[in-house]
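Chain by chain, the residues:
2 protein chains.
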Amino acid sequence: MFSNDAKKRLDRGRQKVLDAIKSHGGTTLLSTGITGDDARMAKAAVDAGAKLIEPNHPAVALARGYQGVTNMHAAEMVRHEISLAQMLEVSKGVRNVVGPDIFITTGVPGGFTEINPVPLSEEDFLNIANAGIDGLHTHKSSIEDLKVWVDNAHKYGILVDAYIGHPDDLHTFGVPAETPEDVAKVAKQMEAIGVDFIGLMTGMSYEGVEAGKIHPVIEARVKALIGAVNVPTIAEGGINESNFKAFKELGVNILVVGTALDNIAAEAIKRQVKVFL
Amino acid sequence: MFSNDAKKRLDRGRQKVLDAIKSHGGTTLLSTGITGDDARMAKAAVDAGAKLIEPNHPAVALARGYQGVTNMHAAEMVRHEISLAQMLEVSKGVRNVVGPDIFITTGVPGGFTEINPVPLSEEDFLNIANAGIDGLHTHKSSIEDLKVWVDNAHKYGILVDAYIGHPDDLHTFGVPAETPEDVAKVAKQMEAIGVDFIGLMTGMSYEGVEAGKIHPVIEARVKALIGAVNVPTIAEGGINESNFKAFKELGVNILVVGTALDNIAAEAIKRQVKVFL
Chain A
1 MFSNDAKKRL
11 DRGRQKVLDA
21 IKSHGGTTLL
31 STGITGDDAR
41 MAKAAVDAGA
51 KLIEPNHPAV
61 ALARGYQGVT
71 NMHAAEMVRH
81 EISLAQMLEV
91 SKGVRNVVGP
101 DIFITTGVPG
111 GFTEINPVPL
121 SEEDFLNIAN
131 AGIDGLHTHK
141 SSIEDLKVWV
151 DNAHKYGILV
161 DAYIGHPDDL
171 HTFGVPAETP
181 EDVAKVAKQM
191 EAIGVDFIGL
201 MTGMSYEGVE
211 AGKIHPVIEA
221 RVKALIGAVN
231 VPTIAEGGIN
241 ESNFKAFKEL
251 GVNILVVGTA
261 LDNIAAEAIK
271 RQVKVFL
Chain B
1 MFSNDAKKRL
11 DRGRQKVLDA
21 IKSHGGTTLL
31 STGITGDDAR
41 MAKAAVDAGA
51 KLIEPNHPAV
61 ALARGYQGVT
71 NMHAAEMVRH
81 EISLAQMLEV
91 SKGVRNVVGP
101 DIFITTGVPG
111 GFTEINPVPL
121 SEEDFLNIAN
131 AGIDGLHTHK
141 SSIEDLKVWV
151 DNAHKYGILV
161 DAYIGHPDDL
171 HTFGVPAETP
181 EDVAKVAKQM
191 EAIGVDFIGL
201 MTGMSYEGVE
211 AGKIHPVIEA
221 RVKALIGAVN
231 VPTIAEGGIN
241 ESNFKAFKEL
251 GVNILVVGTA
261 LDNIAAEAIK
271 RQVKVFL
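Chains as they are written, first to last, in the numbering used here: chain A, 1 to 277; chain B, 1 to 277.
Simulated from the structure, these hints should not be mistaken for laboratory data.
Note that this is a predicted model, so its numbers are computed, not measured.
You may find that some hints are simply not true.
Just so you know, same-sequence chains aren't split out, so a pair can sit in one copy or run between any two.
As the list claims (entries may be wrong) - Below, computed lysine-lysine pairings styled on DSS-like, alpha-carbon distance capped at 27 Å:
(1) LYS270 - LYS16
(2) LYS270 - LYS7
(3) LYS245 - LYS274
(4) LYS270 - LYS248
Working from the sequences, and respecting the hints, build out all of it.
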């Protein structure tokens, strides 16, 4: 491969993200769920100012009613059966309607910690790049697996966003880290192997927090992440209209929002259908 | 083929539609656009009471950003390139999440008056039936073409909804009929060849109508259709929150709404993304 071509491609992608963070005052949105995989809704998100879009394979399982799944938990169990070809079609279509300046990071089968192994070939990474995808939204759960992934992706000019989870998480969405100190340690390891954007899983496992607040355990973990690395930071999971300002105040650079947008669209559809009936 | 099996299948589909019309007081909704092809939004529509769902190939072109199309007019020009396999995948997925009691009528490439001819084989009709599709949403533009379509569909137990247009329509979405008398004549011809639900195209060509009203030309055409046939009647095109009651008052049995629902979802997404940013 031509390493300078790849480097320039990586630089272009990184610049899109840095520009988005800057233009949104330090914290930008990574818009996913239905705004990641439905070109109509991706365009709506971009028209409203979103600069970062994330199609991912569990959300496509929901979009296609694959195996009848109707919630994210069920979708996570079958997501590895969504094909790479489907994710490339989705990503290309989103690229077609949002234009070249939007950062697209895609979740592909094999890029998460899948129930059944999904190997990707070098040609697959080439096809991912050729689909107009800037980055891979990645949920591998060991530094070793992540290194294989980052090396392959970077070779073809594709950036990687990866995540830190907790050993007790219901679904494994990242490299586990139990304490804030562990979060900082894992984040530094990720940065050292070249992960381009480092995220923390902030939802699913914590309940009973006052509206508008962040659970203190999560807050300590977010702070540990932000203090540990120089690359842009991400928070994913459980972010909604009630608590997003609290995340912004912590200084995290990117907020991933998917389910909250799905719910907003579904509620709007329900209200309107009831009007017609 | 086993004609009695097909007949029973047709009867089950017809009964779903008749039950929906009855349960909604004489006029029900055929929910399409994003509620026809995205399983998440189809479920939202059904949860709100919709009983009839329509995936169609131009809307799928929009959903997939196919060739970069971002509006229905552009989608109509490329819709014939969406594959039958894609429409079957979409329809199966919607069936998975809405259950067996919802009526699904699907627009497939070849079923409209396509720019390039798309022939369908007998096996294609069998596959359509096996995807759990009750009916074919059809926009052929001659009684002869329609008869070929109806005969093939009925053989495999698939119902047909077909439409009457106007010779001056921008896109050809039905058998042309210039006057209300022509509408009545074409509707009777359609009923005679076995079309199961007969629709009138009511949008696109007429502007400048007061909010909440129907253009008098359209009103006369709807009345002519309703007066001419015994099968359930449909109005499609330009139906929105402002004018749907006027259509109900005319006594049309099924209102097709797609773009209005797409717009509602897109506006909800835009508002929410702006909140997050």
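Tested hints:
no.: 1; hint: LYS270 - LYS16; verdict: between (36 Å within a copy, 21 Å between copies)
no.: 2; hint: LYS270 - LYS7; verdict: neither (47 Å within a copy, 34 Å between copies)
no.: 3; hint: LYS245 - LYS274; verdict: between (32 Å within a copy, 13 Å between copies)
no.: 4; hint: LYS270 - LYS248; verdict: between (31 Å within a copy, 20 Å between copies)
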